[in-house]
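Participant: Since the structure of chain A is already known, use the hints to place chain B on it.
Protein chains: 2
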Amino acid sequence: MKAVYYQGSGTFTVGRGEILPPGEGEVRLEVAYCGLCGTDLHIAHGSMDDRVRPPQVIGHEMAGTVAETGTGVTGLRPGDKVVVRPLDSRGQTAADKGISHICRNLKFLGIDTPGAFQHSWTVPAFTIHRLPPDTDLKLAALTEPLAVACHDVRRGRVAAGETVVVIGGGPIGVMIALVARSRGAQVIVSEVNASRLAFIRRLGLTVIDPGQADLAQAVEEVTRGAGADVVFEVSGSAGGAMTMTKLAGLRGRIVVVAIFSAPPAVNLFDVFWKELEVLGTRVYEPEDYENAIDFVIGGRLPLADLITSVEPLERLPAALEELERNPSAMKILVDCRA
Amino acid sequence: MKAVYYQGSGTFTVGRGEILPPGEGEVRLEVAYCGLCGTDLHIAHGSMDDRVRPPQVIGHEMAGTVAETGTGVTGLRPGDKVVVRPLDSRGQTAADKGISHICRNLKFLGIDTPGAFQHSWTVPAFTIHRLPPDTDLKLAALTEPLAVACHDVRRGRVAAGETVVVIGGGPIGVMIALVARSRGAQVIVSEVNASRLAFIRRLGLTVIDPGQADLAQAVEEVTRGAGADVVFEVSGSAGGAMTMTKLAGLRGRIVVVAIFSAPPAVNLFDVFWKELEVLGTRVYEPEDYENAIDFVIGGRLPLADLITSVEPLERLPAALEELERNPSAMKILVDCRA
Chain A
2 MKAVYYQGSG TFTVGRGEIL PPGEGEVRLE VAYCGLCGTD LHIAHGSMDD
52 RVRPPQVIGH EMAGTVAETG TGVTGLRPGD KVVVRPLDSR GQTAADKGIS
102 HICRNLKFLG IDTPGAFQHS WTVPAFTIHR LPPDTDLKLA ALTEPLAVAC
152 HDVRRGRVAA GETVVVIGGG PIGVMIALVA RSRGAQVIVS EVNASRLAFI
202 RRLGLTVIDP GQADLAQAVE EVTRGAGADV VFEVSGSAGG AMTMTKLAGL
252 RGRIVVVAIF SAPPAVNLFD VFWKELEVLG TRVYEPEDYE NAIDFVIGGR
302 LPLADLITSV EPLERLPAAL EELERNPSAM KILVDCRA
Chain B
2 MKAVYYQGSG TFTVGRGEIL PPGEGEVRLE VAYCGLCGTD LHIAHGSMDD
52 RVRPPQVIGH EMAGTVAETG TGVTGLRPGD KVVVRPLDSR GQTAADKGIS
102 HICRNLKFLG IDTPGAFQHS WTVPAFTIHR LPPDTDLKLA ALTEPLAVAC
152 HDVRRGRVAA GETVVVIGGG PIGVMIALVA RSRGAQVIVS EVNASRLAFI
202 RRLGLTVIDP GQADLAQAVE EVTRGAGADV VFEVSGSAGG AMTMTKLAGL
252 RGRIVVVAIF SAPPAVNLFD VFWKELEVLG TRVYEPEDYE NAIDFVIGGR
302 LPLADLITSV EPLERLPAAL EELERNPSAM KILVDCRA
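First to last, the sequence lines map onto chains A and B.
Residues 2 to 339 in the numbering used here are what the first sequence lists, from first letter to last.
Residues 2 to 339 in the numbering used here are what the second sequence lists, from first letter to last.
Bound conformation, chain A alone:
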């Protein structure tokens, strides 16, 4: 039973995993697959060493089965297929006004506490969502990022018939585009990388390279001058931050998905002039997980196409490098069954 430990300063080691018997209200899981996330890359870069405590197992995009349950846990049995919503809001206070999923003392499993790049993982029972018995656990490992996309689309109140622009065609941008399209929206993805452009086009999505074509003009044409109803800024780039207000029509919604490391210039005149609505969005709430699970089991989205490769646990460090090097790598899963 293996585990991969982050040792700080960007280094990982493969070692022996621990089996932690579940305490009261806890469940011990056997992890089948766990996806690599941009956040894991940040950790690998040492950018989150103030939150991660080496040697620590990371990883939070998992799917697996119940191994054993602690006292007081009901509704779960060994063998049940499950995913984990890796948020622990037990530290919330009155100052959080009941907004628990982003409360100030939020602990993120796999960052602030041990994660899922190991075969045996013990977690609080309240983080668990059950899956139907015939669920494909590889697809189920996409639940967490898909729940991010579901939350983003819900924050943007995307409705059928609306025109949506997604700036940035990485894994989250593509999932937002797919979820928005499934809601009946007309979706345009903006992406500059050639291999991503080709990949997104193969998914049947409309994609524009703003370096090659005039994105704003394309949006004007498609909307007959009305502008986009919803714009998702997923690129985290200065260009994206400046473009987002330009693309939106009157009272358009702009959803800020990307994590901006420095405050970009934002055209607040556009915000005023068109009465725009700029909405921040972060992680997910339980209903977003339920929506994501519906997509995982419903087969309506081309989720299998998003899985770039499945790597053995010991290749995790190499897989992180691959994720960094290859822009068309969407989702790399790690097989944690060993």
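Calculated directly from the structure, the hints in this document are not laboratory data.
These numbers come from a predicted model, not from an experiment.
Mixed in with the good hints, there may be bad ones.
If chains are identical, the list can't say which one is meant, so a pair holds when it fits in one copy or spans any two.
Stated by the list, open to error - Computed cross-link-like contacts, DSS-like style, restricted to lysine-lysine with a CA-CA straight-line distance of at most 30 Å:
id	residue 1	residue 2
1	K98	K3
2	K247	K98
3	K247	K108
Facilitator: Below, chain B without anything else, positioned relative to chain A:
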């Protein structure tokens, strides 16, 4: 019967006003008072010469009486006290999605068409709101900026018991603070100018000079760590744009009232992290006018205190200079009865 004409390049002349008989659907008014607005200052600076067509009468914050009505006009009689909502949305198209008050072809009376710094003013009947017979027309001349404030507070969904910060204590900022307070909110105004600080304090509002005290810490203390529910950015300053996201609590609302001439840096990380909502707001809708009129006739706000002086029409150019020079000048009215 006098009128003041903007002659372009920042110059004004006093001349003879025209009496335009009302056409079909039009009403000829006798203007009693018309307030000076920051927009009039922009026009005086020559910054809006692409919209104003000299020689043109400007002015749009008026109150007066009906002189005569054109054919097809019902519900208005000579002598009726009225105010004008100076928006002509007849050019709206499908691309405006019914959002008429900020439609792309909006004409603003007093900017894109002749205004109210004259005794006789002929306008479309649909712009008129009637006032009760005993309304004080000086106070009624505050209806337009007050409707801006009502619209801003409505966009911000300010509710009783909420904590509101208004960044910038000019006329609109002060009116927003007063309207928000009347809705039961706890209001803090942030202002740097000493004479404005003193004026705002005399209105009984809590005001902080962010150069002298730690505004963010004050908001933290007042809200017991929760942060502000609503922040109004009315300063148009780079500092205000950077502070607004810091002051807001989880899912706080930020209302962008100011007109930013250049895109400022905005902390989109805060927007993401706290799931903030940044809302643009511009002019008003009919219900904002009705709310503003309720304040004018209801006597619940210290509106008379906001009237700095009443000047004769021929002193309009000097009054514009006074407005520019004196930061504690809130509302200067021009007496157009001559």
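Participant: Hint by hint, say whether it matches the structure.
Facilitator: Against the structure, the hints:
1. Proximity of K98 and K3 under a CA criterion of 30 Å is satisfied in neither setting, with 41 Å inside one chain copy and 58 Å between copies.
2. In this assembly of identical chains, K247 and K98 lie within 30 Å of each other by CA distance solely across copies; the values are 17 Å between and 33 Å within a copy.
3. Taking CA atoms no more than 30 Å apart as the test, K247 paired with K108 passes between copies only; the shortest distance there is 22 Å, against 36 Å inside one copy.
When held up to the earlier numbered hints, the structure conflicts with hint 1 and nothing else.
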